[in-house]
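Peer 1: Sequence:
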Amino acid sequence: MVHRTYIEVRFRDLDKFGHVNNAVYLTYAEQARLLFADDILGKEVDWKSKGLIVAKVECSYLVPVLLHDKIIVETSCTKIGNKSMELEFKIIKQKDKEYVKAAEGKTILVGYDYETNQSIPIPQEWRKKIEKFQKS
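So the sequence shown is numbered by our numbering: it starts at 52 and just counts up by one.
Some clues are possibly wrong.
Within a straight-line C-alpha distance of at most 30 Å, the following computed BS3-like cross-link-like pairs (lysine-lysine) qualify [claimed, not checked]: (1) K157 - K99; (2) K99 - K152; (3) K101 - K121; (4) K180 - K99; (5) K67 - K141; (6) K141 - K101; (7) K101 - K134; (8) K67 - K134; (9) K99 - K67; (10) K94 - K121; (11) K94 - K148; (12) K183 - K134; (13) K146 - K180; (14) K67 - K130; (15) K179 - K141; (16) K179 - K94; (17) K186 - K152; (18) K152 - K121; (19) K157 - K134; (20) K99 - K179; (21) K134 - K94; (22) K152 - K67; (23) K130 - K179; (24) K107 - K152; (25) K134 - K121.
Everything labelled a hint here was simulated from the structure, so no lab data went into it.
All chains should be built: construct the whole structure from the sequences, respecting the hints.
Peer 2: Here it is as C-alpha cells:
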C-alpha cells in the first residue's frame, strides 16, 4: 500500500528555466513524509521528545515538472530495521489525463530521542502501525 499526497506546484517552486527546482522535489518528498507520519502514526505523537531524523536522501530526476502540473507523491515504507527505516517516494506529475513519474528516491530515517540526543530503536507501536498500513 502506498500513501498519496497531492501537491500543487507554486510559482515560487520554479527556477529560471521555468521548471521545478531540483531542491523543491525534496521539499515535496518531505511534505509527503510528514503527512505519511501523521496519517499512519497519528497526530498525537510528541515529535519534540522522540521522533525520526533524516540520515540520507537519494533522488533520481526523470522528467521536469512545470507550473501547471499536478503532483502526486506516493510514499511507502520498504524497510524497517532496529533503529532505522527506509521510505521510498515517487513524484508523479499529472498533465491533463496523463500520469508520468517525474522523480523517485528514498529517505533513510533514524529513530531519535531529542532529550538525550541519541539514536533509539523505532518504537514498537510505530512499527506495528506502519506494517499494518503496508499490508492494507
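Peer 1: If you draw a straight line from the CA of K157 to the CA of K134, is it 30 Å or shorter?
Peer 2: 17 Å, holds
Peer 1: Starting from K67, check that the Cα of K130 is at most 30 Å away, please.
Peer 2: Violated - the C-alpha atoms of K130 and K67 are around 37 Å apart, more than 30 Å.
Peer 1: Does K157 pair with K99 here, judged by a C-alpha cut-off of 30 Å?
Peer 2: 24 Å, holds
Peer 1: Do the alpha carbons of K134 and K121 lie within 30 Å of each other, as the hint requires?
Peer 2: Violated, because 35 Å separates the two Cα atoms, which is more than 30 Å.
Peer 1: Mind checking the alpha carbons of K107 and K152 for me, to see if they're no more than 30 Å apart?
Peer 2: 22 Å, holds
Peer 1: Is the straight-line distance between the alpha-carbon of K183 and that of K134 30 Å or less?
Peer 2: 19 Å, holds
Peer 1: Run the distance test for K186 versus K152: straight-line Cα separation, threshold 30 Å.
Peer 2: Within the cut-off at roughly 24 Å; holds.
Peer 1: Are K99 and K67 close enough, with their CA atoms no more than 30 Å apart?
Peer 2: Roughly 37 Å between the alpha carbons, so the hint for K99 and K67 is violated.
Peer 1: Holds or violated: K94 with K148, Cα cutoff 30 Å?
Peer 2: Answer violated: K94 to K148 is near 34 Å, above 30 Å.
Peer 1: Are the Cα atoms of K101 and K134 separated by 30 Å or less?
Peer 2: 12 Å, holds
Peer 1: Are the Cα positions of K99 and K152 separated by 30 Å at most?
Peer 2: 34 Å, violated
Peer 1: Does the structure keep K101 and K121 at a Cα separation of 30 Å or less?
Peer 2: 34 Å, violated
Of the numbered hints given earlier, the model fails hints 2, 3, 8, 9, 11, 13, 14 and 25; all others are met.
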